[in-house]
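J.: Sequence:
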Amino acid sequence: MGKPRIVVLEGDLLGKVFNLSEGVQTIGRGDNVADIVVPDKSISKVHATLEIRGDLLYIIDKDSTNGIFFQRERVRQATVKDQQFFAVGDIYFRFEAGEELADVLKDFQTKITSVLDEIRRKIVGQEEVLKQTIASIFAGGHCLMVGVPGLAKTVTVNSLSQVLDLDFKRVQFTPDLMPSDITGTNIIHEDEDGNKGFKFVEGPIFTQLLLADEINRTPPKTQAALLEAMQEKQVTVGDKSMKLPKPFIVIATQNPIEQEGTYVLPEAQLDRFMFNIHVDYPSMKEEEEILRRTTLKQDIPLKKIMSAKDIVQYQHAVQQVEVSSYVISYAARLVRATRINGEDNDPEIAEMLEWGAGPRAGQYLIWGAKAFAAMDGRMTITCEDVRKCAIPVMRHRISPNFQSQAQGISSDDIIKKILEKVKEPEIPKFV
Numbered sequence: 138m139g140k141p142r143i144v145v146l147e148g149d150l151l152g153k154v155f156n157l158s159e160g161v162q163t164i165g166r167g168d169n170v171a172d173i174v175v176p177d178k179s180i181s182k183v184h185a186t187l188e189i190r191g192d193l194l195y196i197i198d199k200d201s202t203n204g205i206f207f208q209r210e211r212v213r214q215a216t217v218k219d220q221q222f223f224a225v226g227d228i229y230f231r232f233e234a235g236e237e238l239a240d241v242l243k244d245f246q247t248k249i250t251s252v253l254d255e256i257r258r259k260i261v262g263q264e265e266v267l268k269q270t271i272a273s274i275f276a277g278g279h280c281l282m283v284g285v286p287g288l289a290k291t292v293t294v295n296s297l298s299q300v301l302d303l304d305f306k307r308v309q310f311t312p313d314l315m316p317s318d319i320t321g322t323n324i325i326h327e328d329e330d331g332n333k334g335f336k337f338v339e340g341p342i343f344t345q346l347l348l349a350d351e352i353n354r355t356p357p358k359t360q361a362a363l364l365e366a367m368q369e370k371q372v373t374v375g376d377k378s379m380k381l382p383k384p385f386i387v388i389a390t391q392n393p394i395e396q397e398g399t400y401v402l403p404e405a406q407l408d409r410f411m412f413n414i415h416v417d418y419p420s421m422k423e424e425e426e427i428l429r430r431t432t433l434k435q436d437i438p439l440k441k442i443m444s445a446k447d448i449v450q451y452q453h454a455v456q457q458v459e460v461s462s463y464v465i466s467y468a469a470r471l472v473r474a475t476r477i478n479g480e481d482n483d484p485e486i487a488e489m490l491e492w493g494a495g496p497r498a499g500q501y502l503i504w505g506a507k508a509f510a511a512m513d514g515r516m517t518i519t520c521e522d523v524r525k526c527a528i529p530v531m532r533h534r535i536s537p538n539f540q541s542q543a544q545g546i547s548s549d550d551i552i553k554k555i556l557e558k559v560k561e562p563e564i565p566k567f568v
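Each residue of the sequence shown is one higher than the one before, counting from 138 in the numbering used here.
Hints in this document: simulated from the structure, not taken from any laboratory. Don't take every hint at face value.
Claimed, not checked - Listed below are the simulated BS3-like cross-link pairs for lysine-lysine, each with C-alpha atoms no more than 30 Å apart in a straight line:
1) Lys-153 to Lys-383
2) Lys-153 to Lys-178
3) Lys-259 to Lys-140
4) Lys-558 to Lys-248
5) Lys-422 to Lys-441
Said to hold, decoys possible - FRET-style restraints, in silico, Cβ to Cβ:
6) Ala-487 to Gly-545: 15 to 21 Å
7) Gly-375 to Ser-547: 53 to 59 Å
8) Asp-513 to Arg-430: 50 to 56 Å
9) Gln-542 to Val-292: 30 to 36 Å
10) Pro-286 to Arg-429: 17 to 23 Å
11) Glu-423 to Gln-542: 29 to 35 Å
12) Thr-432 to Ile-465: 47 to 53 Å
13) Pro-286 to Ala-487: 32 to 38 Å
14) Thr-373 to Leu-146: 26 to 32 Å
15) Thr-311 to Glu-265: 47 to 53 Å
16) Ala-487 to Ser-317: 41 to 47 Å
17) Gln-500 to Met-379: 23 to 29 Å
18) Pro-286 to Val-401: 14 to 20 Å
If you're wondering where the values come from, they're calculated on a predicted model, not measured in any experiment. Glycine residues also receive a C-beta, built at the ideal position from the N, C-alpha and C atoms.
Construct all of the structure, not just a fragment, from the sequences and the given hints.
T.: Structure below.
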């Protein structure tokens, strides 16, 4: 176990760690009067006291000018749990109770290996699909799986729910599906005393892992019912907003070949998916193994490797994986290379595109890279981790123009070209 600490989340001291010792410590701006010195004008000379009690952090305001904030409210005192955030003046911190990140990531790497081994007992091949889906889950994102029928997309998601021990629900999207069929609805309810009132009946979205099967078979109005849930992790019905369970993950499937009776997903809906994962045909050897296994008529029970609590813990660990300004610059260059009118664009790339990716693509490149690094047990991400995410993150955020489509040039082809052209930034040399 490491020491309890607080980590600065913004400003000039971004990423700075302050270890906390036993007893009461003061935090403030004054060098000679505060134990933890944070030189920011929003912080008083002696702003607050901090005290560790077990795995909790107790904060008490010392009549500061700008106060302390916890859970979006100014408070006189607060009890902060591991991985929760609080603000002293205008500066936000994260409290870490003490378990070393390196130990957590080592354990995470071992668990991920076990998860993959267990799923392989049921799923043949599809290694990249599995790793990308798992990376998305632990980065806190959602996935869109695109592939022809019969490639085990549903079986893969169901297997993941069993191995990760998540509450799982599947919704078959059809043209007559209504938004209330997903979110739930208010019904008239009569209690034991004969009093009538409205009672909310939860829809299938109130689960931890939701499979939206053939999402493009339902109209945009119903597709939009997922927007708030995917982004805000809550559902609003009438004037009430209800939080969804933790973790909350949406994995949607889409058939790319049947166009009759389908509805194109709006760009706003597509942008909510962290990864667009292409599920391809198996190799000859894999297909032979699929035929052998599936014609034996035996059910393969899967063991539970993790729990929902573990997933939330590891999601917090993924957030803490370090990212250098060097890697951030590389991710930004990749995204900006897709902008047809941008100052950093390449004329050859710009001629292929109708529009480019927005800033959310860069965010997901970093989040995905953090997840891949954590799955390898590493505390920092590299440009190679970013490249692993480039195609699944950007293929649904750029659009080839008419000329490119006529020449058979796909989004994947353009992203591969960008990866060839955009070089890693030079590491600054210090003498």
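J.: Find the hints from earlier in the document that the structure breaks and name them by number, from lowest to highest.
T.: Violated hints: 3, 4, 7, 8, 15; rest satisfied.
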